[in-house]
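J.: Residue strings, one per chain:
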Amino acid sequence: MSNSVISVISRFLEEYASSTPNKLKVIDAYLLYIMMTGALQFLYCLLVGTFPFNSFLSGFISCVGSFILAVCLRIQINPQNKGEFLSISPERAFADFLFAHTVLHLVVINFIG
Amino acid sequence: MFYILHTICLFSLLVLSLVLETQALTPTHHLTTTDVARLQAVLSQPFTDLKSAYYSVVGLSKLGISVADAAETCRFIKSNLDPSSVESLFFAAEASQALPGCEIPVSNDTRDLLLATVSEDSTASQIHQSVSALSSLGLPLASQEVVSALKARISKEDNVLTIILALQTASRLSQQAELGEILEEIEDLAARLDDLGGVYLQFEEGLEATALFVSAAYALSDHVDMEPPLKEDQVIQLVNSIFSKKSWDSLSEAFSVASAAESLSNNRFHVPVIVSAQGPAAISHSQPFLRLQVTNVLCKPLSSASVLVESATATSSKSAILSQAPFTLRDGVFELNFMASQPASGYYQFSVAIAGDSRFVANHVELKVKVSTRVSINNMDLSVVDKDQSIGPKTTRVEYPAKAKASFMADSHQIFAMTFQLVDETTGVELTPHQTFVRLHNQKTGQEVVFVAEPDSKNLYKFELDTTERKTEFDSISGTYALYLMVGDATLENPILWNVADVVLKFLDEEAPSTIQAKTLYTPKPEIQHLFREPEKKPPTVVSNAFTALVLSPFLLLLILWFKLGANISNFTLSPSTVLFHIGHAAMLGLMYVYWTHLNMFQTLKYLAIIGSFTFLAGNRMLAQKAVKRYIHNFIKSKHLVKLFSGEQIKVNKCRTKSGKMLLLSVLL
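Chains as they are written, first to last, in the numbering used here: chain L, 1 to 113; chain R, 1 to 669.
There's no promise every hint is true.
[As the list claims (entries may be wrong)] Examples of chain L residues lying across from chain R (beta carbon under 8 Å, computed):
1) Y33
2) Q41
3) Y44
4) E91
5) A95
No lab work stands behind these hints, which were simulated from the structure alone.
We put the beta carbon where it would ideally sit given N, CA and C, even for glycine.
Taking the hints into account, I'd like the entire structure generated from these sequences.
T.: Laid out in structure tokens, this is it:
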């Protein structure tokens, strides 16, 4: 059982390394970074406590929001999905990404206290 | 039409009288003899002009009092008369009518003037004055013309005072005239009265209007001999309104009250009856008669009345003591010897009916009568009993109002006991007054303790003092206490405060006798320190710093990964839009930081709008350029592929439209 899991994972990693274009890998690295930041914040909250709660929420939601927006950008940029996003060029996707981030950051800074 | 009205009135009255039999109002306000005297004094003031003379003379005649100097008054009226003014003629005519032997000379011009005033064009007040003057001076007038003029006036001016004056005028006309429509106005006007709390009924125009309405309505009703459409309760409410004011602002107000009082005392239909007890309604053996004054609104006793007690019930036991007992009239006051029925002391509810005249209104009255008595104390026994009851009690009897000769000693092993009986002095019936207290007063320290003596089932009062039980009330202060018995009740004529004996009490664990401190009610209390909310416990700085570093560490990871992937900024063109975009974007991030530290949302949004629009324009241009570049790149790539296959040279011209979004290629083959 574990054998097949390991083989699946290693094959997945191989495929990933070879067939994903560089741009997407850059975004994937960014995604990993965001996820780790969020996870560490959550860990702090679990260990030390929720004071101040609003700051924790703000930071955590910032991570979650950024992750989601980056995933959206990745989906829209992926040349394999071009058929579904005919009207949205990659530049447009990036512009949307920036705008959404502005709004997210406005909210996060407001809430961080 | 008259007869229909008449039958309707009678029928409604019958129904109403059946309904109202159960719940009749009684007047809450009425004029007392002092009020009537005050009214008379106001009306007797020396008059300054013809108008005040009219009010005084006619007002006093309504109260049944004649003016002091009739001849002088007559002369005054004649000298102040202005024959060319209708108002002046009215005042003079009415006043002279009230004075005996006073005649006003009348000329043809006067008569013509008065008759000419009776028309639709004059005001209601002018019509009233001329008709009254003509009637008082004995001059003929055309009643039908007056009626039509009044009707026209009422339809033009629908206010209360106009209609009241119309009613007054109609009462001076001949009985043959068509007064039916004007009579109906009484009912309409009565509907306009304001009911205040079910107690008062008055016009919003005020007391004077209400009083004038009453006198006008009854004057007209008497004139046509038809009962006015006013219910009994309404009459009583009118009485309350008119007679609630005991001092009057002006002569005209006093006059209106006097004429209302007169019409309510002497009309043919409704005479309100005022019943009041003379002094407090209390009876005792020394005063066995219940005295009632039964008068009309002018405080004149109604001698023709017969007063009857329908029922007298005790409020506590609800047993009827009297039924259908008549009062006897003596010196204008109705009295009844209630003590003859030997009532027990307490309160009684009397239901009194006044009969004798069908005109009487509010002739059922409820009264609360108190019967009081004297109390005497029997069998006052004082004793000191041992707790273990080994030694028999030694009882001392004390007679009121003497004091026990020896003082009683009670320490922790003994109980001091007191028993007595309270009886009615005359009948010997046992009483249970409201207040039976035993007071112990320490003369040295001024301390006093009060206990209640309770009666047992046989109405024998008992009081026991156990020194160990009652230690706290006495603050364990031993000493000589004077014992008082206090007996009191509303129905007792002789409340008792009796120093029965002296008691020496000995308490265990006696504290040093301290003088009683004055109650510390008004001294400053200890200050309360406010405890502010404790701020939440924060984790130690070391932990926070460590985690901050930990959270920032993935950024390093990101940079490493990006470096490994080969992400670079080699495509960075230094075109103005790109530079501006990046500056704008950096400014936005800086604004976020400033927002966190200094600004509020509104200021941030303002700055964000400015920077954002700038960044948007620059970014838009930059991204468009990038898009164009990408498109061309893809196009060339695909063209290269084609070239690879077709082997031909392709020249490419590119030109851009203004927005930079569209790309036109012209292919030159």
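J.: Going through the earlier hints one by one, which of them does the structure break, listed in rising order?
T.: none
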